[in-house]
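*Asks:* Sequence:
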Amino acid sequence: MFDVIVIGGGAAGFYTAIHIAEAKPHLKIAILERGKEVLGKVKVSGGGRCNVTHAEFDPRELTKNYPRGEKELIGPFHTYCSGDTVAFFEERGISIKIEADGRMFPESDSSQTIIDCFLSEAERLGINILKHSAVSKIEKVQSEDNAEGWKITTIKHSYKSQKLVVATGSNPKIWKLLEELGHTVVTAVPSLFTFNCKDERISGIPGVSTMAQVEVFENRLYQSKVTTQLKSKNAKSALLTSDGPLLITHWGLSGPAILKLSAWGARILNGMEYRFKIRVNWLPEYNFEGLMGLFLEIKEVEAKKTVLRTKAVEVPRRLWTNLVRASDISETDKWAEVTKVQLEKLARQLTECELKIDGKSTFKEEFVTAGGIDLKEVNFKTYESKKLSGMYFAGEVINVDAITGGFNFQNAWTGGYIAAQAIAKSF
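Going by my numbering, the sequence shown opens with residue 20, and the numbers climb by one from there.
Because the hints were derived from the structure by calculation, they are not lab data.
Among the hints, erroneous ones may be present.
[Unchecked claim] Distance ranges between label pairs, derived from CB positions:
1. 151 x 76: 35 to 41 Å
2. 143 x 102: 19 to 25 Å
3. 371 x 201: 37 to 43 Å
Backbone N, C-alpha and C define an ideal beta-carbon position, used for all residues, glycine too.
Could you build the full structure based on these sequences and the hints that come with them?
*Replies:* Next up, the structure:
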């Protein structure tokens, strides 16, 4: 018998349990973890460095990084935001640093620092960590004095508790159990992923990174599940637009510009079965007409130089070489010799480069999904279920997800803290 059971031994589960125990040290608290290790996702996050949060301290601005949950998180972030997260770790002797792109990491650059912090806090506060405890049944029960509570059945034992926290992330089995109890679960689809693309213009140059603008278009060659929903849109207009650093990889395209598209377009791209067209402007400061004007000037000034060797604009050399070749300009063609048609081809390759995407790849080990408990069924002042009193949520189990950069962790910390305060007040 416990006062509080937390299902899920990840970031959200530990953060919730620690804050409950700090507020009410006499409570008997257990974390149930299905695997043999806890905090597995924390270990691999941020390339093993653990991107704990983001240096955005304005709650309203912070919410703009959440494709699902933007509106709902305004209130919670006013209660507990990035600065509070930093304070939590620094109070426990862990210095947090800010990188140039706003991501925040422990000074140690090791996720083990965060794991050790959580484990030592759990031990100090007397929190029971029960591993190999996959949950098979969740039941609402009444005690002899008619107080409502919970019975949790695992593969090993049954446990009872007064309050229950579900912090299981993207776990289909738990979602199914919650559906059986009356909750609505929004079907999960992948959120953070990279684009698979085989095209000679980007082949052979993995590691090349540059600022770019990217637009997504429906590929009419494929019958799309979402075609009917998009019929009102002009076929020539972009479904999604993003900009930022774009990274060419062995299998296609990655980097913040692509990951933002994958998050904001999670459902649209899933509906298109990850087969669609993108248009890349490798020079976001130029459009086609502006670049043509520049090329015609260069044609006069650099007449005797070869186009291939005279990199006329700020793009990586290897990318320039590939795009020049794709414009039917040979290695020996001089600026004076190229035709207007060839220059138009090059200007289009640089500002309107169309690429066919055929599939996706998981972004590192940081698997994130769009989906989970319908947000209308969560009270965001307490993170308690509106359907089942005494049940609380934290982390990705609800239909909230973010772009890459520490934002998914901040959702876990905020939800865990607010749920913990509400539970502590109920005792």
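*Asks:* At the C-beta level, are residue 371 and residue 201 separated by a distance inside 37 to 43 Å?
*Replies:* Roughly 50 Å apart at Cβ, these two residues miss the hinted range, so it is violated.
*Asks:* Taking the CB of residue 151 and the CB of residue 76, does the distance hold inside 35 to 41 Å?
*Replies:* holds, 40 Å
*Asks:* With 19 to 25 Å as the target window, see if residue 143 and residue 102 comply at their CB atoms.
*Replies:* Given range 19 to 25 Å: holds, Cβ gap about 24 Å.
Hint compliance for this structure: hint 3 alone is broken.
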